[in-house]
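Chain by chain, the residues run as shown.
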Amino acid sequence: MNTIGDNEATAVTAAASAPESVSVTEVTDPERIQDTKWTAGEAWERHGSKLVTVINLTIFFCIWELFARSGAINVLFLPSASGMFSALYDGLTTTSPPGAVISGSIRDHLFYSLSNLSIGLAIACVIGIPAGLLMGGNKYVETILSPYVWALASLPRIALVPLFILFLGFTVKMQVTIIVLSAVFPIIINAWAGVKTTEQSLLSAARVFGASRYELYLKVVLPYTLPFIISGIQQGIGRGLIGVIIAEIFGGSKGLGFLIRRAADTFDSALMYAVLFLLVVVSLTLIQLTRSLEAYVAPWRRVDKV
Amino acid sequence: MSRLETGRRTAAPEPSAAPASDEAVPVIVSTNLTVGYKLHRERKRLTALRDISLTVNAGEFVVLVGPSGCGKTTFINAIAGIVEPWEGSIEVNGRPVTGPGPDRAMVFQDYALMPWRTVESNIRMPFELQDLGISKEEMDERVRRYIDLVDLTGFEKSFPYELSGGMKQRVGIARALVSEPDILLADEPFAAIDAMTREAMQGELERFVAKTGQTVVFITHSIDEAITLGDRIAVISYRPGRIKEIVDVDLPRPRFDHDVKSLPEYSELRDHIWRLVKDEALQSAYGDTR
Chain Z
115 MNTIGDNEAT AVTAAASAPE SVSVTEVTDP ERIQDTKWTA GEAWERHGSK LVTVINLTIF
175 FCIWELFARS GAINVLFLPS ASGMFSALYD GLTTTSPPGA VISGSIRDHL FYSLSNLSIG
235 LAIACVIGIP AGLLMGGNKY VETILSPYVW ALASLPRIAL VPLFILFLGF TVKMQVTIIV
295 LSAVFPIIIN AWAGVKTTEQ SLLSAARVFG ASRYELYLKV VLPYTLPFII SGIQQGIGRG
355 LIGVIIAEIF GGSKGLGFLI RRAADTFDSA LMYAVLFLLV VVSLTLIQLT RSLEAYVAPW
415 RRVDKV
Chain W
-19 MSRLETGRRT AAPEPSAAPA SDEAVPVIVS TNLTVGYKLH RERKRLTALR DISLTVNAGE
41 FVVLVGPSGC GKTTFINAIA GIVEPWEGSI EVNGRPVTGP GPDRAMVFQD YALMPWRTVE
101 SNIRMPFELQ DLGISKEEMD ERVRRYIDLV DLTGFEKSFP YELSGGMKQR VGIARALVSE
161 PDILLADEPF AAIDAMTREA MQGELERFVA KTGQTVVFIT HSIDEAITLG DRIAVISYRP
221 GRIKEIVDVD LPRPRFDHDV KSLPEYSELR DHIWRLVKDE ALQSAYGDTR
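Heads up: the sequence lines are chains Z and W, in that order.
Our numbering numbers the first residue of the first sequence as 115 and each following residue consecutively.
Our numbering numbers the first residue of the second sequence as -19 and each following residue consecutively.
Think of the hints as simulated: they come from the structure by calculation, not from any bench.
Since the model is a prediction, treat every value here as computed from it, not as a measurement.
Each residue gets a CB set at the ideal place from its N, CA and C atoms; glycine is no exception.
Don't take each hint at face value.
As the list claims (entries may be wrong) - Among chain W residues calculated to face chain Z with C-beta under 8 Å, some are:
{"#": "1", "residue": "A60"}
{"#": "2", "residue": "A85"}
{"#": "3", "residue": "A92"}
{"#": "4", "residue": "W96"}
{"#": "5", "residue": "M105"}
{"#": "6", "residue": "P106"}
{"#": "7", "residue": "Q110"}
Unchecked claim - Only pairs whose alpha carbons sit at most 25 Å apart, straight line, appear in this in silico PhoX-like list of lysine-lysine:
{"#": "8", "chain 1": "W", "residue 1": "K224", "chain 2": "W", "residue 2": "K258"}
{"#": "9", "chain 1": "Z", "residue 1": "K310", "chain 2": "W", "residue 2": "K18"}
{"#": "10", "chain 1": "Z", "residue 1": "K310", "chain 2": "W", "residue 2": "K224"}
{"#": "11", "chain 1": "W", "residue 1": "K258", "chain 2": "Z", "residue 2": "K253"}
Stated by the list, open to error - Derived list of chain Z stretches under chain W, where covered just means 3 residues or more per stretch with a C-beta under 8 Å from a C-beta of chain W:
{"#": "12", "region": "155 to 169"}
{"#": "13", "region": "331 to 344"}
Please put together the full structure from these sequences, using the hints given.
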């Protein structure tokens, strides 16, 4: 910050008194920015939290392991941490024999769930983004669609699962429908809000510089709304993941939700915890990905948040 | 100096002699202009400005001074063509204003820079939105020239959030100047900038328009800023806004270099304008709402 401020002041005076081109880089004192080393305290401040997290999680799993081994709780309910990790490792490394009706490999179920999730999210984006943009941009579309959007958005989606099983059976279609319904509303609502909250001064500026209505949308509203859409997708991923698991728990013979149900049915607590752990990892990874995407397309928002 | 020469407008034959009092060419003519806006929720119509008659000549720097909420911004928006007159008329270069045009550009109080665009891309924006009939090379050349003019060379690829307030506004000024409009409208451009940078920016703006010979309509709350910059100062009254008095400022230019603040005429002018504004300011601060 200092660098910019000082440069500016120098540049201003230089320009006012001697209008010969004085480039900003020339007036910078080379001694002004110097290399320096972190003290132990500064290093701790910067990287301490990572260290704490690693130690924290290690202690957590150690306590879990000791607690499970002490036998205070039946292994049917709480497996040991090592048991969970080995079930996870086995599940991810084994390959199902060809022709098996139900795969024993967690990998297959993970891919199944993730591919359904991606198809569902893609459909949700294709429907949700234009719908949200139109609702934000057009009063009539907004008035007509908003009661349905709010009604469906506020309805707990799980309540719809029996209905869709009735309609579509235990099929991929049913699962994808549930995912789309779970993910589409956060996307619609965020896109809609983005359009609605576009800064008035940016719109005025574009108008003064000659923007047509079409250009206002294309060059102001749309870029302004983009980070909103991404955070809509981020919420959509969270909701969509719930949709995936719910749909699979209800029926079918594939997917992580199915694995959880089967693990519970067969009292395989290690497998169940392994799937839950995997879900946490998948969900965190996806959310982190969208965060990075948001930071990449809208770096100015990241600065605003700090 | 040479890098600025090319920026000169044809409108003013001798840019350094800004107030062309003998051969005045009217550029903005506002006749009995009444404008306002609707308060939808209360089903009321609010008159922001009433009966504004003001003529701004080519190359003239006119400053509008008045308390908050007196409709200065509405007036400038009417000139820009984004607010429609209710009564009366407003003409620019002899034609009634029907919408925004490349002959006018504006500098905004909150900069209004597109946060997703770099400095260079923001300054280029007017070229994307209107057809000025100039070649791609000319556009590139102008963008470079105006970045240089506002001393932002080296920051072309920076985003607005990486810049200080003063630098952001210099981007705003470059964006307004790049299409080389006849008229530069400025809505409290330095209000959000710290006092020291502000003084420097006033000096810079004076320098820019001396080079380009543009006609400027400038809004400010600061009497000092008004006297430092204006050829004429229109004092606007509080709700509804009317022109209370137009004060001529006859101080030597460039005022930034002449240190006009130490002149006795300066403090006389300052007193005079303050007496005009005082009641209005008090009304704005304590008085009726609307």
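Status of the hints after comparison with the structure:
1. Because the closest C-beta pair between A60 (chain W) and chain Z is about 5 Å apart, less than 8 Å, the hint holds.
2. Below 8 Å, beta-carbon pairs count as interface contacts, and A85 (chain W) has one with chain Z at about 7 Å; its hint therefore holds.
3. Nearest Cβ of chain Z to the Cβ of A92 (chain W): about 4 Å, under the 8 Å cut. The hint holds.
4. Satisfaction of the interface hint for W96 (chain W) is found here, the shortest Cβ-Cβ separation to chain Z being roughly 5 Å, below the 8 Å cut-off.
5. With 8 Å as the threshold, the beta carbon of M105 (chain W) comes within range of chain Z, its nearest partner Cβ sitting at about 6 Å, so the hint holds.
6. Given the 8 Å rule on beta carbons, the hint for P106 (chain W) holds: about 4 Å separates it from the nearest Cβ of chain Z.
7. For Q110 (chain W), the interface hint holds, since its Cβ comes within 8 Å of a Cβ in chain Z; the closest pair sits about 3 Å apart.
8. As the CA atoms of K224 (chain W) and K258 (chain W) are separated by approximately 12 Å, the hinted pair is consistent with the 25 Å bound.
9. Between the alpha carbons of K310 (chain Z) and K18 (chain W) the distance comes to roughly 19 Å, so the proposed pair stays at or under 25 Å and holds.
10. A hinted pair counts as satisfied when its Cα atoms are at most 25 Å apart, and K310 (chain Z) with K224 (chain W) does not qualify at roughly 39 Å.
11. With a C-alpha separation of about 44 Å, the suggested pair K258 (chain W) and K253 (chain Z) falls outside the 25 Å cut-off, and the hint is violated.
12. Check result for the region 155 to 169 of chain Z against chain W: violated, 0 residues qualifying (beta carbon to beta carbon below 8 Å, three or more required).
13. For a cut-off of 8 Å, the count of residues in the region 331 to 344 of chain Z with a CB near a CB of chain W stands at 5, and the three-residue condition holds.
Of the numbered hints listed earlier, those contradicted by the structure are 10, 11, 12.
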